[in-house]
Each structure stands twice: as structure tokens, then as C-alpha cells.
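Letter by letter, the chains look like this.
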Amino acid sequence: MRLTADSIRARLHTRIVGRKIVCLEVCESTNDRAWQEALAGAPDGTTVFAEEQTKGRGRFGRTWFAPRGTAVLCSVVLRPQIQVERVPLITASAALAAAEAVEDIAGVEARIRFPNDVLVGGRKIAGILVESRFISSQPDLFIVGIGVNVAFGRADLPEDLREAATSLAIERGAEVSRVRVARALLEALDRWYREIDGGLRAIRKAWRERSAILGRKVRVRESGRTTVGVVDEVDPIEGLVLRLESGHVRAVRGEHVERLEMLENE
Amino acid sequence: MAALMNLDEIKKLLELMDANKVVELEVEEEGKKIRLRRADGVTGTLSVLAPPAPPVPLMQVPGVSAAASLTAESGAAAKRPENMAEIKSPLVGTFYRAPKPDADPYVNVGDEVGPEKVLCIVEAMKVMNEIKAEMHGIVREILVKNGQAVEFGELLFVIEKK
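Chains as they are written, first to last, in my numbering: chain A, 2 to 267; chain B, 29 to 190.
Please keep in mind that the hints were generated in silico from the structure rather than gathered at the bench. Just so you know, these numbers come straight off a predicted model, no measurement behind them. Among these hints, one or two may not hold up.
[What the hints assert, rightly or not] Pair by pair, the computed Cβ-Cβ distance ranges are: (1) A/Leu-245 to B/Pro-143: 40 to 48 Å; (2) B/Glu-144 to A/Arg-195: 40 to 48 Å; (3) A/Glu-86 to B/Asp-36: 43 to 51 Å; (4) A/Glu-29 to B/Pro-133: 21 to 29 Å.
Even glycine gets a Cβ: it sits at the ideal position worked out from N, Cα and C.
Hey, can you work out the whole structure from these sequences and the hints?
In C-alpha cells:
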């Protein structure tokens, strides 16, 4: 069934997110459409859904696998009044929201692979891509793109994604209503978004508890330099603390992580 | 902490931070790291690397070229002609010159740009922030390498205004 603004709003309990809802059949990318809405003055929390994206983007031009009607694809306009140091909390709150929505719907544990992938059983089920605009060095506008894999089965996946991706239907072992997913996602984002200003402790705690990388061996690239270590600490603002093989401990700012790969623990 | 540096050295660093309006400072020595941060103002960083590096090899102060050191260069950067505009990073992040790894850079030195022209992306935890020229002009300097970590207020481009 198609997502409609009325069906999502029917039992939606949010204060900010989803205040305005736009549902499209097809668009190039929901982020682009959300930018248009935002630049035309759309309120904080405006959300654009699409059944299909023809140019849905992952990071750096990577494409996002989502055949028509199999995913919940949305972009949310956020206009928080925050200091620049808190910008990473936007990604964190969106990832936490997606993880909670996944757990709520599929009843399986969801974890966050720093900083923006939501995993179930090590396979990617949701992803976040945020775009922002600053005015006079102040964060002004964020477009939070979220994709949640909902309705495809293992056999629908291209071979190269079968081990890497999963969906709510696969994990739940039953059909899943996309309207329910959309609602759960907006409600969770609404809660976490409202924590950004005052609830730093709650975000930090959840970020740590949901981390897929805490205690895991990872390879991190920052500024052209690669470091291998075990993740000793994760924090949405402070970044990562890595324990290196030499026994040294190294702090890496989250904003400086260019790439993070999980390695097999020895 | 005592093994890292003594109180006098920390005091000296604090004075240096104050004199140069630096509000945050990280010192790393043999894998140990301390961070000093003043509560006010904008952020700059001062990195002090462990020996054999000289005590203060690199300094970034808002308004001064990122590449400038505490020596004569910083004076030179401050004397930039008025028609030369500086584009600085509004956030801590990673600097990218192109939309994807194999694509052409958004701009090269000598390119003519307009206000809406994207110059680069600064990414922080998957928050992609496109930096636009916000003026008509010609790109005269690109001060940061692709994939390099950048700090708040770090100088990225110099544009000759038209």
C-alpha cells in the first residue's frame, strides 16, 4: 500500500517531526525535495516520503538499493538552535531513532555502526545521510535523509548485497506495514530530536549502548592516516577512543573519521 | 599527567592560548593526550607533537591562515589584500574537494565562481555541508588537501573578489 500523509498522520504522536508531511510517488531524491520545501519556508519537522527515488544517494554518490515500495525513504527538515559543537548529535539522534523504530517493528536488536548505519545481526537495515546549511558559521538547517529497508526478501537482493543487507520483513519473518514503520520512525526521531538541546546524557548513554563497534577491532582512516585498534569508548561528541596494538590509547574525533571498517576480533 | 608535562609547561600553554585567542588545545605525547579548553569564544587548535618535533610546530587561529605558523608567515597571511576573501570551515570535519572519490574537483585554482558555486564539502559524522563561494570571484588558493581533517575556522580557500 502507498504511503499517504493521511495514513501516517492518523495515529501519529509527535510534537515537531511530521508537523507537515509530503508523500510522493517518485522523486530523484527525498533530500532534494526536502531542500526545496525548506528553502520555501517549510516548518521544523517537515517530512518528505517517496515510494521510489531515481537518484537516491548514499555517501559520496553511492546509490541506495530500494526498489519501489520496499522501503521507507524519507527526509526530514530540522531547524535546531544548536551550537556548532552539537552538529554530530543530529546524525546520532537520527541513527538512534532508526534503530528504535527497527526494534519496535521487528522485535530484534538493532545496533549502530558508527556513525550512521543501523545493523541487525551485522547486516544493514537502515542508513542516514544528513545535509546541512550554515549561515554566518551557525548551523541553520539540516536535511536528515533516512532509509529503512522494509519489504524485500532475501531473494530480492542483488547477490553482492545478500550478506550485507537485510530488511524488516526478513527479520520479522512476516509482512510489515510501511505506514507503521513510518510512524514509528517519526515518533522516535521526534523524541531524540527534542533531546538534542538538553538531553545530552541520554543521547550519550543510548549511543554507547547501541554501538556495534564498542569493544570491536576497527580500522579508521582520518586525514589520510590509518589506525587499527579496539574501540574502548564511543561518544557522539568526543568521538572514539582506540586501544592500539602497541598498548597506546588514541582519541579520534568523530568528525575526522573518513572511513571506519570493522575487523574480525582476534 | 605529571609524566606528560609539568604544571609550568601547562601554564605556559595556557598563556600562549590566551595571547592567541585559542580556546581549545590538544597536546599529544607518546600516545598520551591532554586537552585544554577555555569556556568562551570560538575554537582554534594548537597541536603540540611529541619530540622530536619542535614544541609548537603548527598553530591555527581564526583569521589566520591554517598553514601559518607562529613565525613570520602569520603576519604575511594577515596582510592579505582587501579584495582577497577568505573562505573558512564553519565546523570541525573532513574536507572533500569532489562529490565522489573519482569525480573532478568542484573547483581548481584559477576557476571563476559565482555565489551559488559549491567549493567543497566538509563532512562531520555524515553531516555533509556544502561550502558555497557566496560571491563572484576567482579561486586563488586552495589551502587544504582532499580528505584532510579541518578545524573550526580553518582557512580553506582564498577568492579574489570581482
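Taking the hints in turn, this is what the structure says about them:
1. The supplied range of 40 to 48 Å is met by A/Leu-245 and B/Pro-143, whose beta-carbon atoms lie about 45 Å from each other.
2. Range check, B/Glu-144 to A/Arg-195: about 33 Å between beta-carbon atoms, so the 40 to 48 Å window is missed.
3. For the pair A/Glu-86 and B/Asp-36, the beta carbons lie near 30 Å from each other, so the given range of 43 to 51 Å is not met.
4. For the pair A/Glu-29 and B/Pro-133, the supplied restraint of 21 to 29 Å holds, since their beta-carbon distance comes to about 23 Å.
Hint check: violations occur at hints 2 and 3; the rest are consistent with the structure.
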